[in-house]
Amino acid sequence: MTSHRSRLGAWLPPVVAFALLAGLWQLLAQHNADFIPSVPATMAELSDNPALFWSNTLVTVREVAVGLAASLVAAFPLAVLMCHVRTIERALMPVAVVVNVTPVVSYAPVFVLLFGFGSTPRYLVTAIVVFFPLLVNSLAGLRSADPEVLDVMRTLDASSWEVLWRLRLPGSLPFLLAAGRVCLPLAVVGAVVAEFVASGSSSGLGSMIFAALETNQKTVIYAAIVVLVALGLVLTALITLLERRLLTWRTGVDRHA
Amino acid sequence: MLGTAPDPDAVVLQDVSKSFHTRGGPVRALAGVDLTVGRGKFVTLIGPSGCGKSTLLRVVAGLIEADAGEVSIFGESARRACAQKRVGFVPQTPALLPWRTVLDNVRLPLQVNRSASAGRVPSRRPAEILEAVGLGGVLDRHPNELSGGMQQRVAIARAFAFDPAILVMDEPFSSLDEMTREVLRSELLGLWQDHRTTVLFVTHSVAEAIVLSDAVVVLSGPPGRIQAVVPVDLPRPRRDLVELTDEYHALERRVRLELRGAWSDRDAKS
Chain A
-17 MTSHRSRLGA
-7 WLPPVVAFAL
3 LAGLWQLLAQ
13 HNADFIPSVP
23 ATMAELSDNP
33 ALFWSNTLVT
43 VREVAVGLAA
53 SLVAAFPLAV
63 LMCHVRTIER
73 ALMPVAVVVN
83 VTPVVSYAPV
93 FVLLFGFGST
103 PRYLVTAIVV
113 FFPLLVNSLA
123 GLRSADPEVL
133 DVMRTLDASS
143 WEVLWRLRLP
153 GSLPFLLAAG
163 RVCLPLAVVG
173 AVVAEFVASG
183 SSSGLGSMIF
193 AALETNQKTV
203 IYAAIVVLVA
213 LGLVLTALIT
223 LLERRLLTWR
233 TGVDRHA
Chain B
3 MLGTAPDPDA
13 VVLQDVSKSF
23 HTRGGPVRAL
33 AGVDLTVGRG
43 KFVTLIGPSG
53 CGKSTLLRVV
63 AGLIEADAGE
73 VSIFGESARR
83 ACAQKRVGFV
93 PQTPALLPWR
103 TVLDNVRLPL
113 QVNRSASAGR
123 VPSRRPAEIL
133 EAVGLGGVLD
143 RHPNELSGGM
153 QQRVAIARAF
163 AFDPAILVMD
173 EPFSSLDEMT
183 REVLRSELLG
193 LWQDHRTTVL
203 FVTHSVAEAI
213 VLSDAVVVLS
223 GPPGRIQAVV
233 PVDLPRPRRD
243 LVELTDEYHA
253 LERRVRLELR
263 GAWSDRDAKS
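Those protein sequences? They're chains A and B, same order as listed.
By the numbering used here, the letter at position 146 of the first sequence is numbered 128, and the numbering carries on one by one without gaps.
To convert, count from 1 in the second sequence and add 2; that's the numbering used here.
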């Protein structure tokens, strides 16, 4: 009974908050009908053209997935190198910082010049946006190994490969998942920005918004934003799910629940 | 260097010195330590804080190298003894891998540096050792489901799992309450009697030192040097409440007086 009640206590406040937000939107829309579409009109847009929104969502999801995967494939091994060879960290961390502080939007058009209006510049921009948080978190995770466990490994004369495999890699998993919580929504931002810059004739939710802006299709813009919000929520839920499955050892109690 | 052949049947330190470089200049941690621990002996290091006990322990464990002097672990250098997987280290904290179960934590030493122990069969399997310290029922639990005392039992079981020739223990019970300490002491003695491992053990507790050891080494410092070696000839296996015997009290008196000497040495210098 108590669990029923506490579950309600957990769900009710956010549900009320979101209902109020939707109400506010509806209120604003009624008084600014020329600029803001109403909630029902926006939802109707979605239900009238599900295939259109679905196909554009898939494009954006692919950009997020490819960009994130490419970034991780580059950032994690680099973090491993930095963890083992201090000189590499000293040389490349400042470079990574410079890349991180350079606004990606400023040079994204260069990628379009270089690679055209295809998917490549979009993958690149998405990958670059998430690269730094992935690198820093991977490095922090690899370095989080308990010094006393490292002592135990050293007296066993474990090789650095064994230390990496048995200690540093599993130890970096919580950090990687925490990075995912930041990087998945960030990758969506990167993909949408890239679609704005390299809109051209290509598809994707960002391109859709950009095109609708030119033709003044307000409901399409708002509907695409709603889909982007839903996408971000699904990705965040995915990370939560992964944490629950992979980090059972963190809270031993959860495992039996 | 000193011309004597390394004793293959003892852990021998000869004139071992070690300094650390700090911002305020070099700090001498060990100054000419001579110590011999015979095979199968349980020897405890005790002394004032900062006297170099841990440094000495880490030199034997091959974790830091001495600046001068000789370290021989049954005839081998400390690094070589580690390479052959003959040294077990129990740090102050349990230092378990939180994502591994209790059993898998104890298996860890068997899984790394396998070539060093190829052909050697440990006298007891990990599960049997855990059984012996009363953890047979929690083999598939994770460390954070266990109490501090249970975690430290796992750490000790892990150190025995690969039958090291010498076990080096750095105040392993220091974070436990007195009752748990006493239980773990007797369990450690039980394991030690079964495995007949040589043990070098650092503690701050005089009682712990006497109850466990064949000899109590009192260090003074810094820089660490040996103040006295007090042999403990209380019969083994040590009975419960051995602390109540007259023989124990005589030993405690001696160790405490030596410790007082170590302290006053230090005060005189500072």
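Keep in mind that the hints were calculated from the coordinates and are not lab data.
Just so it is clear, CB atoms sit at the ideal spot from N, CA and C, and this is done for glycine as well.
Among these hints, one or two may not hold up.
Said to hold, decoys possible - On the chain B side, residues computed to face chain A include the following (Cβ under 7 Å): (1) 65; (2) 93; (3) 97; (4) 100; (5) 101; (6) 109; (7) 149; (8) 150; (9) 151; (10) 194.
Stated by the list, open to error - In silico negatives: residues of chain A with every beta carbon more than 10 Å from chain B: (11) 31; (12) 149; (13) 153; (14) 209.
Here is what the structure says about each hint:
1. 65: 6 Å, holds
2. 93: The hint holds - residue 93/B has a Cβ within 7 Å of chain A, the shortest such distance being about 4 Å.
3. 97: 4 Å, holds
4. 100: Given a least distance of 5 Å, the restraint on residue 100/B holds.
5. 101: This hint holds: residue 101/B lies near chain A, its Cβ roughly 5 Å from the closest one there, short of 7 Å.
6. 109: Because about 11 Å separates residue 109/B from the closest Cβ in chain A, which is outside the 7 Å limit, the hint is violated.
7. 149: 12 Å, violated
8. 150: Nearest chain A Cβ about 14 Å off; hint violated.
9. 151: 16 Å, violated
10. 194: With Cβ-Cβ at 18 Å, over 7 Å, it is violated.
11. 31: Holds, because the least Cβ-Cβ distance between residue 31/A and chain B comes to about 47 Å, which exceeds 10 Å.
12. 149: Its Cβ does come within 10 Å of chain B, the nearest being 7 Å, so this is violated.
13. 153: For residue 153/A, whose nearest Cβ neighbour in chain B is about 8 Å away, the distance does not exceed 10 Å, so it is violated.
14. 209: Label holds. Min Cβ-Cβ 37 Å, cutoff 10 Å.
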